[in-house]
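Modelling step: build the complete structure from the supplied sequences, incorporating the hints.
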Amino acid sequence: MQNKMLQDVIIYVVKSMKNRMMRSILTIVSILIGIMAIFALVSFGQGLSSYVNQIGQEAGADKLIAQPRGFGPPGTSSTPLTKDDLDFIKKVKDVSEASGVVMQQAEISLDVDKPGKWVFVMGMSTIPSEQRLIDESFGGIDILKGRNLKSGDKNKAVIGYNYQFADKIFSKPLKLGDKIFVNDVEFKIIGFYEEIGNSQDDSNFYITINDAEELFSKKDEYAFIYIRADKGVNPSELAAKLEEKLRKEKNQKEGEETFFIQTFEQLLETFGTILLVLNAVLAIIAGISVLVAAVNITNTMYTAVLERTKEIGIMKSIGARNSTILFIFFMESGAIGLIGGAIGILLGYGLAKLGGLFAASAGFALLKPAFPWWLIVGSLMFSFAVGAASGFLPARAASKLKPVDALRYE
Amino acid sequence: MMKDTIIKLDNVWKIYQMGEVKVEALRGLSLEIRKGEFVAIMGPSGSGKSTAVNMIGCLDVPTKGHIYLDQHDISKLSESDLAQIRGRKIGFIFQQFNLLNTLTALENVALPMLFQNTDREKRLETAKKLLEMVELGDRMQHKPNELSGGQQQRVAIARSLSNNPEVVLADEPTGNLDSKTGEIVIRFLEKLNKEGKTIIMVSHDANVARHAQRIEHLKDGRVVKRG
Numbered sequence: 001m002q003n004k005m006l007q008d009v010i011i012y013v014v015k016s017m018k019n020r021m022m023r024s025i026l027t028i029v030s031i032l033i034g035i036m037a038i039f040a041l042v043s044f045g046q047g048l049s050s051y052v053n054q055i056g057q058e059a060g061a062d063k064l065i066a067q068p069r070g071f072g073p074p075g076t077s078s079t080p081l082t083k084d085d086l087d088f089i090k091k092v093k094d095v096s097e098a099s100g101v102v103m104q105q106a107e108i109s110l111d112v113d114k115p116g117k118w119v120f121v122m123g124m125s126t127i128p129s130e131q132r133l134i135d136e137s138f139g140g141i142d143i144l145k146g147r148n149l150k151s152g153d154k155n156k157a158v159i160g161y162n163y164q165f166a167d168k169i170f171s172k173p174l175k176l177g178d179k180i181f182v183n184d185v186e187f188k189i190i191g192f193y194e195e196i197g198n199s200q201d202d203s204n205f206y207i208t209i210n211d212a213e214e215l216f217s218k219k220d221e222y223a224f225i226y227i228r229a230d231k232g233v234n235p236s237e238l239a240a241k242l243e244e245k246l247r248k249e250k251n252q253k254e255g256e257e258t259f260f261i262q263t264f265e266q267l268l269e270t271f272g273t274i275l276l277v278l279n280a281v282l283a284i285i286a287g288i289s290v291l292v293a294a295v296n297i298t299n300t301m302y303t304a305v306l307e308r309t310k311e312i313g314i315m316k317s318i319g320a321r322n323s324t325i326l327f328i329f330f331m332e333s334g335a336i337g338l339i340g341g342a343i344g345i346l347l348g349y350g351l352a353k354l355g356g357l358f359a360a361s362a363g364f365a366l367l368k369p370a371f372p373w374w375l376i377v378g379s380l381m382f383s384f385a386v387g388a389a390s391g392f393l394p395a396r397a398a399s400k401l402k403p404v405d406a407l408r409y410e
Numbered sequence: 411m412m413k414d415t416i417i418k419l420d421n422v423w424k425i426y427q428m429g430e431v432k433v434e435a436l437r438g439l440s441l442e443i444r445k446g447e448f449v450a451i452m453g454p455s456g457s458g459k460s461t462a463v464n465m466i467g468c469l470d471v472p473t474k475g476h477i478y479l480d481q482h483d484i485s486k487l488s489e490s491d492l493a494q495i496r497g498r499k500i501g502f503i504f505q506q507f508n509l510l511n512t513l514t515a516l517e518n519v520a521l522p523m524l525f526q527n528t529d530r531e532k533r534l535e536t537a538k539k540l541l542e543m544v545e546l547g548d549r550m551q552h553k554p555n556e557l558s559g560g561q562q563q564r565v566a567i568a569r570s571l572s573n574n575p576e577v578v579l580a581d582e583p584t585g586n587l588d589s590k591t592g593e594i595v596i597r598f599l600e601k602l603n604k605e606g607k608t609i610i611m612v613s614h615d616a617n618v619a620r621h622a623q624r625i626e627h628l629k630d631g632r633v634v635k636r637g
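Residue numbers (this note's numbering), protein chains in the order written: chain F, 1 to 410; chain V, 411 to 637.
Check the hints yourself; a few may be wrong.
Claimed, not checked - Calculated cross-link-like contacts (lysine-lysine; reagent style DSSO-like; alpha-carbon spacing at most 27 Å):
hint, chain 1, residue 1, chain 2, residue 2
1, V, Lys553, F, Lys18
2, V, Lys532, F, Lys15
3, V, Lys539, F, Lys402
4, F, Lys402, V, Lys629
5, V, Lys538, F, Lys310
6, V, Lys474, F, Lys402
7, F, Lys400, V, Lys486
8, V, Lys486, F, Lys310
9, V, Lys432, V, Lys486
10, F, Lys15, V, Lys474
11, F, Lys310, V, Lys635
12, V, Lys539, F, Lys15
Rather than coming from a laboratory, the hints here were simulated on the basis of the structure.
As structure tokens, then:
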């Protein structure tokens with residue numbers, strides 16, 4: 001029976017809200033802030049999740065990574081993986097290929113005498129299939145300009161995306177053919193990588209593994225070994241098998257290994273869990289502001305019921321049922337929620353976009369907000385629900401007023 | 411009960427508990443009103459007039475006794491059922507006019523039909539006709555505070571008729587009006603009565619009450635004089 005009324009109830013609700021313009025606006029603002037915060041936060045969370053999923057898809061389900069176990073940033077472990085480990089891994093059944101990466105923090109500069117910047121220098125394989133394995137592991141990045149390192153290259157470098165721009169690493173942008181010094185040894189830039197999306201990886205400096213070993217006098221010490229499983233092999237089973245075999249090979253006890261082997265899925269799962277927790281914490285904080293808004297709406301609606309007691313009495317005396325009164329006040333608080341939600345979504349969208357730009361300019365291009373349709377629809381429904389729920393008690397109080405008493409109210 | 415009885419109050423008591431004290435507003439009130447009558451209920455303040463009107467108008471239920479509307483006992487109905495009945499069968503006119511200030515005259519008149527789930531087009535059409543009948547065809551889009559007291563009361567009369575009720579219940583309809591405007595309002599009620607509506611009017615003013623065919627005098631919660 002309420003559907004025929006809906007249009008008129010909406011007109012009535014809009015009129016009474018206009019009648020109390022200031023209070024309606026303030027109540028709307030209070031819910032708007034909460035919805036804006038939630039919308040912006042969730043859109044960032046979504047952006048991150050879809051980024052992780054994208055990496056997951058591009059890195060594929062056939063890759064594993066072996067790393068030294070240890071504290072501190074990668075590459076600083078006291079017991080790195082060795083050439084023997086790599087050769088051993090390569091020989092294990094079900095391993096299609098494996099490639100070790102040397103990594104070292106080093107100072108790079110545009111001139112021998114000038115102070116430089118500290119970045120990660122990676123020594124990479126020059127075998128094309130192994131290069132593909134590593135590129136895929138980085139989420140499917142490719143060479144953007146120039147060419148990749150190849151066998152026989154000496155003192156050549158392929159560098160990260162950010163070097164192309166002024167003031168990101170050096171004050172002047174670099175281009176193909178430029179000279180750059182690593183620990184005072186001159187390198188020539190032959191290529192640029194595509195954007196990975198975080199400022200650290202986009203500042204990486206890639207040289208051949210031979211150059212790296214020479215430069216850092218690190219023979220056969222790898223920070224990572226990337227492994228590709230044979231087609232049809234379950235990577236997590238392979239990871240367990242490899243870990244066991246390598247442990248025996250290295251004569252280590254279970255639980256005291258100096259290395260660990262993970263599939264990319266496990267790696268992303270860990271990252272995904274962290275993201276989920278982070279999102280939940282942020283959502284709870286934003287949720288608190290929604291809760292405050294809900295209390296505010298309840299307060300506003302109680303005041304409205306009090307103010308309109310006589311009006312309610314009149315409506316009842318001319319035939320309004322309890323359910324009609326309940327419906328009217330329900331719709332009014334719902335409308336406050338919905339309007340607040342709609343504006344909150346618009347502002348949240350702006351805020352997220354702005355935050356995304358800000359993050360990108362700070363070197364975190366992967367922090368890109370995403371706005372799936374369900375987030376928009378969900379936020380609208382949520383804000384309506386919060387409004388309606390907050391209005392429930394006052395609406396019920398209004399509907400239960402006795403017409404005689406309500407009419408007498410001044 | 412006579413066949414054409416539209417409202418019958420049978421030994422109706424209304425007792426309010428005010429803290430420790432019991433107040434007997436109605437003490438065995440019995441009253442019978444037939445279809446097409448114009449009845450005035452008179453009495454000094456405290457005589458139970460207002461309580462009686464609330465009972466007749468289904469705004470309240472008695473503590474004891476029975477109320478029959480159209481032969482149906484309504485003394486024990488729920489608030490929502492009462493709301494439906496008064497919306498359909500009874501049109502109210504109040505001393506304070508009691509229009510909704512946020513709505514236009516037209517919307518005010520159309521409102522009771524909304525509660526009976528009438529289609530929007532039909533509602534507006536009926537409301538327009540009724541406002542024309544009370545000679546306010548040129549004031550339809552005005553809000554109550556843009557109208558004079560007499561005009562507001564005529565909007566209220568139009569509203570009371572919108573669901574084509576059998577009974578129009580007017581509680582001191584001229585109480586807030588000067589005598590000249592009051593006359594006009596009473597003349598509309600007389601006109602309605604001639605067209606067949608049952609009119610029940612509460613008043614403390616003998617000049618107003620004399621327009622009725624019959625006057626029930628109330629005192630101390632019961633009828634003391636009929637005439």
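Going down the list of hints, with the structure as the test:
A distance of roughly 15 Å separates the Cα atoms of Lys553 (chain V) and Lys18 (chain F); the hinted pair therefore holds under the 27 Å criterion. Restraint check: the Cα-Cα separation between Lys532 (chain V) and Lys15 (chain F) comes to about 22 Å, which is no more than 27 Å; the hinted pair holds. Our distance criterion of 27 Å between C-alpha atoms is broken by Lys539 (chain V) and Lys402 (chain F), whose separation comes to about 32 Å. Of the pairs offered as hints, the one joining Lys402 (chain F) and Lys629 (chain V) holds, with about 26 Å between alpha carbons and a cut-off of 27 Å not exceeded.
Distance restraint check for Lys538 (chain V) and Lys310 (chain F): the Cα-Cα separation of roughly 26 Å lies within the 27 Å cut-off, and the hinted pair is therefore satisfied. Proposed proximity of Lys474 (chain V) and Lys402 (chain F) is supported: the alpha carbons are some 18 Å apart, at most 27 Å. Among the hinted pairs, Lys400 (chain F) with Lys486 (chain V) is consistent with the structure: their alpha-carbon atoms are about 17 Å apart, no more than 27 Å. In summary, the hint linking Lys486 (chain V) to Lys310 (chain F) is supported, as the alpha carbons are separated by about 25 Å, within the 27 Å threshold.
Between the alpha carbons of Lys432 (chain V) and Lys486 (chain V) the distance comes to roughly 22 Å, so the proposed pair stays at or under 27 Å and holds. Distance hint between Lys15 (chain F) and Lys474 (chain V) is unfulfilled; the C-alpha atoms sit about 42 Å from each other, more than 27 Å. Annotation: proposed proximity of Lys310 (chain F) to Lys635 (chain V) is violated, straight-line Cα distance about 34 Å (limit 27 Å). Taking the CA atoms of Lys539 (chain V) and Lys15 (chain F), the gap is near 24 Å; set against the 27 Å cutoff, the hint holds.
Hint compliance for this structure: hints 3, 10, 11 are broken, all remaining hints hold.
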